[in-house]
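Chains as they are written, first to last, in this note's numbering: chain A, 1223 to 1677; chain B, 1223 to 1677.
No wet-lab data here; the hints were simulated from the structure. Yeah, the Cβ is synthetic: ideal placement off N, Cα and C, and Gly gets one too. Wrong hints could be hidden among the right ones.
[What the hints assert, rightly or not] Far from chain A by the CB rule (all over 12 Å, computed), these chain B residues:
hint, residue
1, Ser-1226
2, Glu-1251
3, Gln-1404
4, Arg-1436
5, Arg-1508
[As the list claims (entries may be wrong)] Simulated restraints, written as ranges between beta carbons of each label pair:
hint, chain 1, residue 1, chain 2, residue 2, range
6, A, Asp-1469, B, Arg-1258, 42 to 50 Å
7, A, Lys-1294, B, Gly-1558, 35 to 43 Å
8, A, Pro-1671, B, Met-1645, 16 to 24 Å
9, B, Arg-1625, A, Asp-1669, 35 to 43 Å
10, A, Ile-1647, B, Asp-1642, 47 to 55 Å
11, A, Asp-1669, B, Asp-1642, 19 to 27 Å
12, A, Lys-1408, B, Gly-1558, 19 to 27 Å
13, A, Asp-1469, B, Arg-1399, 13 to 21 Å
14, A, Glu-1607, B, Val-1674, 41 to 49 Å
15, A, Gly-1558, B, Thr-1263, 44 to 52 Å
16, B, Phe-1400, A, Glu-1607, 33 to 41 Å
17, A, Asp-1469, B, Gly-1558, 42 to 50 Å
18, A, Gly-1558, B, Asp-1484, 39 to 47 Å
Protein chains: 2
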Amino acid sequence: MQESKNIAVVGSGLVGSLLAIYLRNRGHEVDVYDRRPDIRTIEFSGRSINLAMSLRGWLALEEVGIADEVKKLAIRMDKRAIHIPGKPLYFQPYGKEGEAIYSISRGVLNKKMIELAEKAGTRFIFESKVWDINLDEATIHTGKTENDARESRKYDCVFGADGAFSRVRHKMQRQSRFNYSQEFLKTGYKELTIPANRDGTHKLEKHSLHIWPRGEFMLIALPNLDGSFTCTLFMPFEGKNSFEMLDTEDKVQQFFEHHFPDVVEDIPSLLPEFFRNPTSALVTIRCFPWTYSDKVALVGDAAHAIVPFYGQGMNAGFEDIRMLNHLMNIHEDDWGTIFRQYEAGRKPNADAIAELSFRNFMEMSTKTADTGFLLRKKIENRFAEKHPDKWQPLYSRVTFSERPYAEALAEGDRQRAIMDRIMEIEDIEERWEDEEIEQEILALLEDTPLKVVNR
Amino acid sequence: MQESKNIAVVGSGLVGSLLAIYLRNRGHEVDVYDRRPDIRTIEFSGRSINLAMSLRGWLALEEVGIADEVKKLAIRMDKRAIHIPGKPLYFQPYGKEGEAIYSISRGVLNKKMIELAEKAGTRFIFESKVWDINLDEATIHTGKTENDARESRKYDCVFGADGAFSRVRHKMQRQSRFNYSQEFLKTGYKELTIPANRDGTHKLEKHSLHIWPRGEFMLIALPNLDGSFTCTLFMPFEGKNSFEMLDTEDKVQQFFEHHFPDVVEDIPSLLPEFFRNPTSALVTIRCFPWTYSDKVALVGDAAHAIVPFYGQGMNAGFEDIRMLNHLMNIHEDDWGTIFRQYEAGRKPNADAIAELSFRNFMEMSTKTADTGFLLRKKIENRFAEKHPDKWQPLYSRVTFSERPYAEALAEGDRQRAIMDRIMEIEDIEERWEDEEIEQEILALLEDTPLKVVNR
């Protein structure tokens, strides 16, 4: 019943490749353009944070039948491992028994996704930059360099999956009344490596996301299949403890020995990596509309780039594709309606996960080192176990459910208001397991309204 | 003591011309570029809202000795004249005795400012678009069209006074970590005209800003020297009462007769104007940083475009220039320091007036038609008159004082919180002049904290 369309996807990253597989499964002709060379032919590293695949990501892969294939590349992480100087390693489970997030190298996953998309019949055109796009015609103009003779090709529709600095969005931005914002954090990041032991085993506990929370800055480490860990140092660009200050090998060495004494030995190439790898910026990008007529749509980071502190960037992008697929099931060839409902449905959720991700830096870098915060988590978890119908912790709602992000944000605000009151109770440290506390939370739940904001 | 510099100003609008006068007074060589023809040689009309000059604007003109000259072009407006169907015309004073804002036609003022800048020795280069700018070198590349042979010229520094869609800012935007947002209202606007009577007098009360508040939309009219009024219709682009719906002459005529019966006869060219004049969009633009090294700085709308509902766009831009001048007095040739302090000092205030302007649409279009709101204003004004040291109404603080906008926003929020409580008092309609109410406000003032946000 559905007509086969000619569709261009700009960007061969994770979201673009997944979209190509979905579209091929629906019987469309799909060309994926990328300005970079085929990632399968090059060395990929130096400015990535390992991915943390969670439920939303897996559901999008399952629906198109590739979850099992991808799971082979992933390492289960069921807890945070929190490293505080002078204290024993502290393990904080992410969810209930059996719930976990999964560490995957971005490069490894991207290669696999392109391979799977190609197997599904997608045509990839690498090293071909989209210089311009006619939105009304869905015609794209490509070429290796700007001065090259350019090629033009008209499609039935075009998807912009070309990331935070999307060329497709750039073209849409020139319309009047296009809302757009880009907001950079004062914190940047740098990739470092903990290599495997000689026997290929991991130097740190394998099934954990390791965190060294230090307030304004933090180090994290996520496991890889080859026994190594990809580490990311998050730190302000300027100020007291900052990338700007660490401008000599001595200073870097001393900084790591002082702040990360338990791990500095495990990063043997610290100094060369620190000065070779770029210091990258972190940006939140919001825009609207995401679509143009029935011709053009933005997906993933091109529509909603977020900071990485909730591990939801890829998951949110994959969920875009799954939602598009559901709408295509309902509205078949009515692409105008599909696009309108897609942007209206996804935008409030994209805004919500942007906000949650922004807030989570504080939680990871500061609060995981705070005993009050850890007690708060214990009280919440205890209550949630007893009343799973009444309380799903915010992290679980974002990570282990497919309920809308906007709802998670609103529930999280409500729970925070309630827990603020609970934490004011005198001697809460001693009394937190008392029956009264449970009753008090139940009473507060009755009294505290839920506010879902649809901006 | 101060060295004479070669300075380029991009944009010959109100703020660019004023800056040129200030810089000439300090002994610098000043070239002002504009892509448009000299406004003095062309007919100017069709998409402007008359300006409302208030204290901040006048102070900036006085400091450079041109306030008297400009005052000749202005008409004093000491009140709002509120037109509600079936009710008598209601006059709401803007401030205390003697306080007023001043209506000036944008075109008339701009011509005068260019004339004054030229007289001060500024060189104007019209019909010369700045296509590119080298930020490190303060070199600008100009020409009539993009394909023309371009001219390049190096300056000591460059100011971007080129408005909301600034080319200079566009270049700064390409740097990493440049924060930027553009946010459009769903409301647009269209200019209309009430011509003068045959004897040159005004058809409506001359010394008022006339408002026809209708909730989602409103009409305003500001007086001109020639006896005419410049009217602006603000209305949603789409929806029930919207520009989209008014697509035939009949519909426009009926719409005006229905909603603005007391003024429709005074707009004899309603239909031709409605279909000839553009429907313009309203945008808030925020960005940071505003400067680049000691070479480039943004001023006025290029740094902070706001919606017009507080009448502060030009006033805020003029205040930028006055602040720059103060910093030049203090730091003389240290342009790096001048620029750092300028952007750090102005940014929180630009954000505050953006927020206040956004909120004021609701006040003008809806609340001025609301009896509860008018009572609230009466209570506030009565208290302010008795306790001028304790209560300056928000509108006065923005319009008739030079206290920072950020402080006005914070004071306004505090006053609103207090007045919300007062308006909850039973029978407040009867009791508002009682001694108790005054005492209650005094008590609430003690209890309500002031929160100045510096983002």
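**Study point:** Hints violated by the structure (numbers, ascending)
**Key:** Result: hints 3, 5, 7, 10, 16, 17 break, sorted rising.
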